[in-house]
Amino acid sequence: MKKEVIILLALIALVAIGGVVGASYYRTSIQKPPEPGKKIPEELLRADTASIGPADAKVTLVEFYDPECESCASFHPVVKGLLKEFEGKIRFVARYATFHKNARLAAIYTEAAGEQGKYWEMQAKLFEKQGEWGEKHGHGAPATPVAPPDAMFQKYAQELGMNVEQLKISINDPKHAAKVDRDMRDVDTLKVMRTPTFYVNGRLLARLNQQDLRTLIKEEFTR
Amino acid sequence: MKKAEQSSAKLTSSFYELLPYAAWSLAVLSAAGSLFFSEVMDLQPCVLCWYQRIAMYPLVLIIGIGIVTKDVRWKTYALPLALIGLVISVYHNLVYYGVIPESLTPCTQGVSCSERQIEWFGFLTIPLMGLLSFLVITLTVALFKTKKEV
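Chains as they are written, first to last, in this note's numbering: chain P, 1 to 223; chain H, 224 to 373.
A hint or two may mislead.
Stated by the list, open to error - Mimicking DSS-like on lysine-lysine, the simulated pairs with C-alpha atoms at most 27 Å apart in a straight line are:
(1) H:Lys368 <-> P:Lys2
(2) P:Lys2 <-> P:Lys32
(3) H:Lys293 <-> P:Lys2
(4) P:Lys168 <-> P:Lys155
(5) P:Lys3 <-> H:Lys368
(6) P:Lys58 <-> P:Lys191
Bear in mind the hints are in silico, worked out from the structure with no lab data behind them.
Assemble the whole structure, with the sequences as input and the hints as a guide.
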């Protein structure tokens, strides 16, 4: 091999090693456990947000999600799987980060569905049908939604057996929009940059994947 | 006397031989660093950062291939790119440090070009790193002389 090639490859290897070590160091540092006795900030855990699991659970998983986000929809089964795996021991809290165009309205509908006891059903339905009402990423993607989002959300509500008339009144209640907007302010404060973003007992999940999330949850159970 | 001249010529020659490696290493570091900021640290690049990336990334290949093939024409290709990057970087720094108001810049959507994301040692910001990188690369490339020129 030519001397020049060896030198360049050696330098690239050096930069690559530095990158890998740096990435690992950075991720560990942002995922580090909070100092003992330090409380989880109020912006992360609001009392009025939708949650599953015992309030006094040892581990609280907070997800900032966008109903219109494709990654959130793809990751949804993983979250469900983890909640099943740690059922009864973990508390799951859903927060909004409405980055997409129709997401705020979708979040308001989800909140209103919660009043009829169908929060999680509506959330799952919106993820399932996201292709019909959500903006699609990528070049050449068809324009969405195919119908006004309001009409589609009401159709989903009907399919879930909700009282649609009551829902229509409820979505105009400013408290739902206020909650979604408050979540967005918390998103700014916490510097949530992407969806889904997970926090386990206040520790930010540095890289989005099932294994890292499970490991972080297990770490918190043993801590 | 002749010996001293010979050793000085040798020194000059090795200096010129090292220049492409210096420029290339800096381009690789800058490319890797920018990817680290966006992919690991989740700091989204602003529009002006993207324009600078467009100028910086090809430098890795152009200078690298020039070194391997010993084709000194790499300088002809690399210098305009480095200069374009330098001009954008100067402009970015002027926006960043408030010399040019951001309302006059194209960054009206997405990440603001003047948003403070990193300030290492109290002064080393991302636009400043970009400026230093382009400045040194431009100087290095400009200083590089083909054997004929030497």
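For each hint, the structure was consulted:
1. H:Lys368 <-> P:Lys2: Since the Cα atoms of H:Lys368 and P:Lys2 sit roughly 22 Å apart, the hinted pair holds (cutoff 27 Å).
2. P:Lys2 <-> P:Lys32: Not OK: P:Lys2 and P:Lys32 at ~45 Å, beyond 27 Å, violated.
3. H:Lys293 <-> P:Lys2: holds (11 Å)
4. P:Lys168 <-> P:Lys155: holds (12 Å)
5. P:Lys3 <-> H:Lys368: holds (21 Å)
6. P:Lys58 <-> P:Lys191: Holds, because 25 Å separates the two Cα atoms, which is no more than 27 Å.
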